[in-house]
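Undergrad: Each chain is listed here by its residues.
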Amino acid sequence: MKYNIPIGPQHPALKEPISIRLTVEGEVIQDADLRLGYNHRGVEKLAEEKSWIQNIYLTERICGICSHSHATCFVQGAEKLLEIVPPRRGVYLRYLVSELERIHSHLLWLGVAGHEAGFDTFFMYTWRDREVVMDLLEMISGNRVHYAINTLGGVRRDIDEAMKKKILEGLAVLKTRSEYYFKIGAMEPTFIGRLAGVGRLTKQQAMDYCAVGPMARASGVDRDVRKNDPHDFYNEVEFDVATADTCDVLGRTVVRIKELFESYKICEQILRKLPDGPIAVKAPRKAKPNEVVSRYEAPRGENIHYIISNGSEKPERLKVRAPTLANYPATVEILKHGFIADIPLIFAAIDPCICCAERAVDLIDARSGEQRTLRFSELRRMANERARLSPVQRNVEWPF
Amino acid sequence: MNDEQKIEKLKTFVSPEAVAYPAPHRIFVSVEPAGLTALVARMKAALDCWYVITISGVDKGETYEILYHFGDTTGSITVRTQIPKADPRIPSICGVIPGAILYERELQDMFGMTVENLPDPRPMLMSDDWPAGNFPLRKDWKFDRPAEVIPGGKK
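Sequence lines, in order, name chains A and B. Under the working numbering, the first residue of the first sequence carries the number 500, and numbering increases by one thereafter. Under the working numbering, the first residue of the second sequence carries the number 3, and numbering increases by one thereafter.
Hints were generated in silico from the structure; no laboratory data involved. The beta-carbon is built from N, C-alpha and C at its ideal position, and this holds for glycine as well. One or more of the hints may lead you astray.
To be verified - Using C-beta positions, here's what the derived DEER-type ranges look like: (1) A:Y679 <-> B:R140: 33 to 43 Å; (2) B:R140 <-> A:R771: 46 to 56 Å; (3) A:E812 <-> B:R140: 43 to 53 Å; (4) A:D532 <-> B:F145: 38 to 48 Å; (5) B:K62 <-> A:D739: 55 to 65 Å; (6) A:E737 <-> B:R140: 44 to 54 Å; (7) B:R140 <-> A:D707: 41 to 51 Å.
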């Protein structure tokens, strides 16, 4: 007996509404189909109508969580086209915000993962601590989400010694707290048991389907734009590319936790080495005809902006690819042969925005066509129920 | 493998004039549409280009330019090809790199190109009631907002 389960597409609280149609037999997913485009806003077309400086604010609004990623990716490319070099201090501050954003995004994700796995204490702890980094971002930029700190030729706001001290204090707090959570993982075998083995993506699959970010790195593919194709800045700081080889949700958790520590490390180095001088240079209004490929490692994977200029004050073409899109083909593969009960966790593992909000799922009986609407909380309850009934995988060890 | 070694290798696949090196870590290769899949397969085998970052389409007036951005451990290689607007057909690279499917479907939706041998050619981004023959990223396409009709409203 086969059932079709449509998930999505619409929920007003979601950033990226998508529709996934699953064919299930019993509890096992046999096939998954993806429908996109429910939130297509025509940003690429709109960008052709806007000037270079306006486009910074447009690209910043592509994503609500990694807003700085798109703006930085665009500015990196636009600066090459406008033939300006931002001053060192501006560059350092720009990537300081980048790394703080990575910390906030990963903490958010860890909370969601804990929540979906039925470990709500973890969720509350990490989200409480996320406020620390959010406050730092607000102090630096004036905003919690859309920092608007980038400008052509540098950044818009400087930091002083007092702020520097506060950031270091905040990082110290986050570091101690993060270390404490990793110990919690070791003491909570059910948490690891829930994550291990769920959502398997082999290394070969990750390569075939061009997965990016923590998804790929958790499958042993050590690709990180910050190392492979870095902006000059990343050559001046020391960090490691975090990978895991368990190929499952546990691996994706491990990669993000490791990346948190790498980001703390990078932030401390930035503040220690922060050069003096101006934070921005004046940018010309027009760019000569040229083209540029700009890459950037966002919290969820690689961003790419391909920009063509045509001699005017507007770009001829701006092509944007966000990391979540690149992870969809791999997600479809992951869902196949998984369990219905694992859907929330698998979704959480690719992108926190898909299921951080409550959403309805319709279960349609394939023969009778009868529909039953389930709240997402209900689905999560079923998921936790299954986890409770299944034997705990005691052989899996918390890697910290 | 550094940029120079990659360029050397690429020059054995295509004619030397077809390889451009405008900036560090950025290599551009031009190819005819007919030779695209063969080049991609050779690049995947010899240059470790299994990762297609994205595919960009550009409206160049008389032609469409399609750029396949590949990422490797030391930078990116972009393969560019041009197809005439009158007959916009391009072979699919999904046979070599399955992960390219969403980007190729996007080309079909946004430019009205026909990507041949695509495993799943359904529309991806546009809504089901999107009028046929409207391709938003063509330069001559302008958006006209249809007049709002309120059911039961005043004429």
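Undergrad: Please go over all the hints and tell whether each is borne out by the structure.
TA: Results for each hint:
no., hint, result
1, A:Y679 <-> B:R140: 33 to 43 Å, "violated (55 Å)"
2, B:R140 <-> A:R771: 46 to 56 Å, "holds (51 Å)"
3, A:E812 <-> B:R140: 43 to 53 Å, "violated (22 Å)"
4, A:D532 <-> B:F145: 38 to 48 Å, "violated (30 Å)"
5, B:K62 <-> A:D739: 55 to 65 Å, "violated (43 Å)"
6, A:E737 <-> B:R140: 44 to 54 Å, "holds (47 Å)"
7, B:R140 <-> A:D707: 41 to 51 Å, "violated (32 Å)"
Hints 1, 3, 4, 5 and 7 from the list above are not met by this structure, while the remaining hints are.
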